[in-house]
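K.L.:
Below are the chains, spelled out letter by letter.
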Amino acid sequence: MTVEDYRVNDSEKELSALVPLAAHGDQRALQRILEIIYPLVIRYARARISGSKHPTAEDVAQEICLAVATGISNYKDQGRPFMAFVYGIASNKVADAHRSYARDMANPVEEIPDQVENSATPEENMLFIDGSNTVRQLLDLLSDKAREIVILRVFVGLSAEETAAIIGSTPGAVRVAQHRALMTLRKKLKTGQ
Amino acid sequence: MANDRELEGILEDDAFLDALAEGKDSTEGQDPLASLFLGMREEVYAPLPPTPQVDALLGATVVDMHAHKKDSKRRISGLSHALVGAAAATVLIAGAGSAIYNASPGSALWDLNQTLFKEHAAVVELATTLDEIGERSDNGDAQGAMELLDQAKNIVASIADSQSSQSSNIFTTITDTSTVTETITSTVPVTISSVPAPQRAVEPTSTYTAPAEAQRTEENLPTTRSQNLPDGVIVQEQQPADNGNNNNQNNQGNQNNQNNQPNPTPAFNDPERNNERQPSGRVGDVGRIGEETDNFPDTEGFNR
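Protein sequences, first through last, are from chains G and Z.
Numbering follows our numbering, in which position 49 of the first sequence is assigned residue number 49; successive positions increment by one, without gaps.
Numbering follows our numbering, in which position 174 of the second sequence is assigned residue number 367; successive positions increment by one, without gaps.
If we strip away everything but chain G, and leave its shape as in the complex, we get (with noise of 0.2 Å):
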């Protein structure tokens, strides 16, 4: 069984036991925590950013494992999965990039999504080739919890309760957020508005 096969319930289980020793120093728990938690954080950072980005997703996904790695010396357990304090840490990570993006004006290019032909509407671009920007755009139409709620669904491959634990809510408030968003995507892909 590979990593990848893990639900996170399970992984939340090796964590729990991992993650006392290497807040106290045993790296080797700390390697197999980074081991569990990096295909994750591999995922979330991927699905929130473009592939034509710099710094790419795996670059920031390293950065999120070297502050999991520098702060775990200083987790206490206060009742949240350990995944929450990953969450944490790697959703700040991800908008710092972003804020480093917009900054970025020497590279307007990678703010354009990739298309092939641009005669069409913005409409009927948004339906073109390019499912992965699409679905990007079409997400950064959500509220942030939404589209948080959506990647942890998808793309993490978190269940609705497990998505709950981490972001802080409840299954029923994301089961019903996660539908809204998706009927808000659906009539965006359907009416252009």
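Source of the hints: derived by calculation from the structure; they are not laboratory data.
Any given hint could turn out to be false.
[To be verified] Okay, derived cross-link-like pairs now, PhoX-like style, lysine-lysine, Cα gap no bigger than 25 Å in a straight line:
no., chain 1, residue 1, chain 2, residue 2
1, G, 13, G, 53
2, Z, 217, G, 188
3, Z, 217, G, 190
4, G, 187, G, 145
5, G, 188, G, 145
6, G, 145, G, 190
7, Z, 217, G, 187
8, G, 53, G, 145
Since we're looking at a predicted model, the values are computed, not measured.
Chain G is already provided as a structure; the job is to place chain Z on it using the hints.
P.N.:
Chain Z alone, transformed into the frame defined by chain G:
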């Protein structure tokens, strides 16, 4: 409030998202969102780079300082004990020991500061001697290596002497700072051979913690002392990580952990383990594999 229809929609979408998470379209092509999401999902699930390694991330080699009581072969002698204490303390200075180094007379670390720095010169001399021993051994000069070994023993003795009256002081203080909480109890039987590299060291009649596997570790060990770390010494470099606050946080975190239990696996290991070890950049990932791997080590106090 969600009505029945919306409730249905909620449940459907929950199932829809669950399916997408597994790479499936539960609408059989009816929902255009599905193919979009799945397309992006493929990108997101592209092969991963290798997982970052802890020591590469943190920019230092961290060596275990955990004392291993169980193996009776690895009891530490008094001299080695002092040697390791001095060397360990010196390494702490080089690494995270700015707190000790900068301690002022009023602080709790002052005694430690005084004690450590008195030994400093002796330890450096010892380190140099160990280097030389390694070289002579490499060159097949067993005789010369043995001679130097005597010299090294003298240095160790002198450190031990000046430490003995203060050893409780050091270790108490070290405990308080929590950067070192374990004594090293493993010792490396040293053998002369013509095998190259300082990994094989000199066979004495006394037990002596040899330079052992120092060469295996990352290049970014602090100074020449890195080659001569006795078994089980911790090097902790507090590197500024994503922001400048981390140094502070880590130091404080360490100081607040009264029972800071370091890595239970010794990185610099005795030769008998040499061939068992998997070469890797992860210095901590050696030793006692299969013994205490996933268990938090017993709290092993200072007074052994």
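K.L.:
Run every hint past the structure and note whether it holds.
P.N.:
Hints versus structure:
no.	hint	in the structure
1	13(G) with 53(G)	35 Å, violated
2	217(Z) with 188(G)	22 Å, holds
3	217(Z) with 190(G)	22 Å, holds
4	187(G) with 145(G)	19 Å, holds
5	188(G) with 145(G)	18 Å, holds
6	145(G) with 190(G)	23 Å, holds
7	217(Z) with 187(G)	21 Å, holds
8	53(G) with 145(G)	23 Å, holds
When the structure is compared with the earlier hints, a violation turns up for hint 1 alone.
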